[in-house]
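On the provided structure of chain U, position chain B as indicated by the hints.
For reference, the chains in residue letters:
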Amino acid sequence: MTTDTTPIASIEQRLDAIQTVLQRHGMQPAEFINTFDELAHEHWVPANGAGLIARAWTDSAFKQLLLTDGVAAIREAGLSMPSHHRHFVVLENTADIHNVICCTLCSCTAFTIIGLPPDWYKELAYRSRVVREARTVLREMGLDLPAQTQIRVWDTTADTRYMVMPQRPSGTDGMTVDQLTALISKDALIGVSLI
Amino acid sequence: MDGMHDMGGKQGFGPVIHSRDAAVFHADWEVRANALYSLAVKSGVFNMDEYRHAIERMTPQHYLSASYYERSLTSLATLCVEKGLVTRQELEQLAGAAYPLAMPSSPGRGNHANRVAFVPGDQVRVRDEHVAGHVRMPGYIRGKHGVVISQSPVYPFPDAHGHGLHADDEPTYDVRFEAAHLWPQGAEAAQVHVGVFESYLELNV
Chain U
1 MTTDTTPIAS IEQRLDAIQT VLQRHGMQPA EFINTFDELA HEHWVPANGA
51 GLIARAWTDS AFKQLLLTDG VAAIREAGLS MPSHHRHFVV LENTADIHNV
101 ICCTLCSCTA FTIIGLPPDW YKELAYRSRV VREARTVLRE MGLDLPAQTQ
151 IRVWDTTADT RYMVMPQRPS GTDGMTVDQL TALISKDALI GVSLI
Chain B
196 MDGMHDMGGK QGFGPVIHSR DAAVFHADWE VRANALYSLA VKSGVFNMDE
246 YRHAIERMTP QHYLSASYYE RSLTSLATLC VEKGLVTRQE LEQLAGAAYP
296 LAMPSSPGRG NHANRVAFVP GDQVRVRDEH VAGHVRMPGY IRGKHGVVIS
346 QSPVYPFPDA HGHGLHADDE PTYDVRFEAA HLWPQGAEAA QVHVGVFESY
396 LELNV
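Going down the list, the sequences are from chains U and B.
Residues in the first sequence are numbered from 1 upward in steps of one, following my numbering.
Residues in the second sequence are numbered from 196 upward in steps of one, following my numbering.
Chain U extracted, bound-state conformation (with noise of 0.2 Å):
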């Protein structure tokens, strides 16, 4: 048992441990490891979320079902996410009303279409003040609202996964779907940044 004087096993050694645990039990955890890995940096990305924006900024009849049934919008766009989110909800900004994402409780996210959370977002400081302090923390964050801004926090409490859409630039009347998609970083898409 575990007590104040037992040495702790290092993270290393509790990792190799509970692969070891798996491996026995003929999860091929190495293999899934490898999986995971392209998985998270390669299609879990934010160019997903940003090309559903950008497709939205350009075509309404995929803005308004992007808005009304996030989840078709995605299922139709070619992507998709984890079977336990049965909801996508996008959350249009405007010029009176910003939205910003967070999960005071643990992480979630959409992380299939937005990306996997950034480390900030994960942290204690984030979690615990956005909710209650959300002008302030979105200004030392570096976005500091109009005061007649109306800010909007959703707190990522079930399996209903949010995504903002941000607010289209002028002087981008001109440009591709790709090049507007290149635009719209992760930041934007959890409501921290404007674009």
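With beta-carbon atoms standing in for the labels, derived distance ranges:
| hint | chain 1 | residue 1 | chain 2 | residue 2 | range |
| --- | --- | --- | --- | --- | --- |
| 1 | U | T94 | B | E373 | 17 to 25 Å |
| 2 | B | E285 | U | E12 | 17 to 25 Å |
| 3 | U | E31 | B | N309 | 42 to 50 Å |
| 4 | U | T58 | B | N309 | 44 to 52 Å |
| 5 | B | R322 | U | L145 | 30 to 38 Å |
| 6 | U | P82 | B | K278 | 15 to 23 Å |
| 7 | U | L145 | B | S301 | 37 to 45 Å |
| 8 | B | A308 | U | G78 | 41 to 49 Å |
| 9 | B | R371 | U | Q148 | 14 to 22 Å |
| 10 | B | L398 | U | D96 | 24 to 32 Å |
| 11 | B | R322 | U | F62 | 36 to 44 Å |
Partial list, computed: chain U residues near chain B (C-beta under 10 Å):
| hint | residue |
| --- | --- |
| 12 | D16 |
| 13 | T20 |
| 14 | H25 |
| 15 | T104 |
| 16 | L116 |
| 17 | M141 |
For the record, the hints were derived by calculation from the structure and aren't laboratory data.
Every value quoted in this text rests on a predicted model; they were computed, and no experiment measured them.
The beta carbon of each residue, even a glycine, is placed where N, CA and C say it ideally should be.
Structure of chain B alone, referenced to chain U:
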């Protein structure tokens, strides 16, 4: 449970350490930790609510001092022991030293007996209940009132699902709260939207 994980509204944490295009992972072991718990979920060893609850059951001291992916690893190992894939003793032998795990679970619970459906525009109140086991009601909305904006498809009820128990699936409601009501004289103006399970809500009359 009123665990340390329930961070919403807690004070004193200081600035968010933010950088543009911040990394998801900072070391290879973090990718492994994420992959291994995902593999266990995919293989049916436990579900996501059980995974979340095992993190919540870490002692507050361990929770606050552990990095995000150490919490993932601790949940994974705790559940592998609890599900009988390995004993704690075997795990510590494999690791060559003590293996910190989460604390045991309290019993879960089923759907609320007096569950009612709501429609957009309903004024609702979050039941003033303290739940010993897993719950997805952040403490800052307990007993507070808000307005229903929309309804989601049904989900497994986390208070049961997080304990491997069966219960009816339930919708959640997008409920809008005013920050000034959640923390009177203690919050900046904002509307806070929370996905609230039907069992947690009652009509505010």
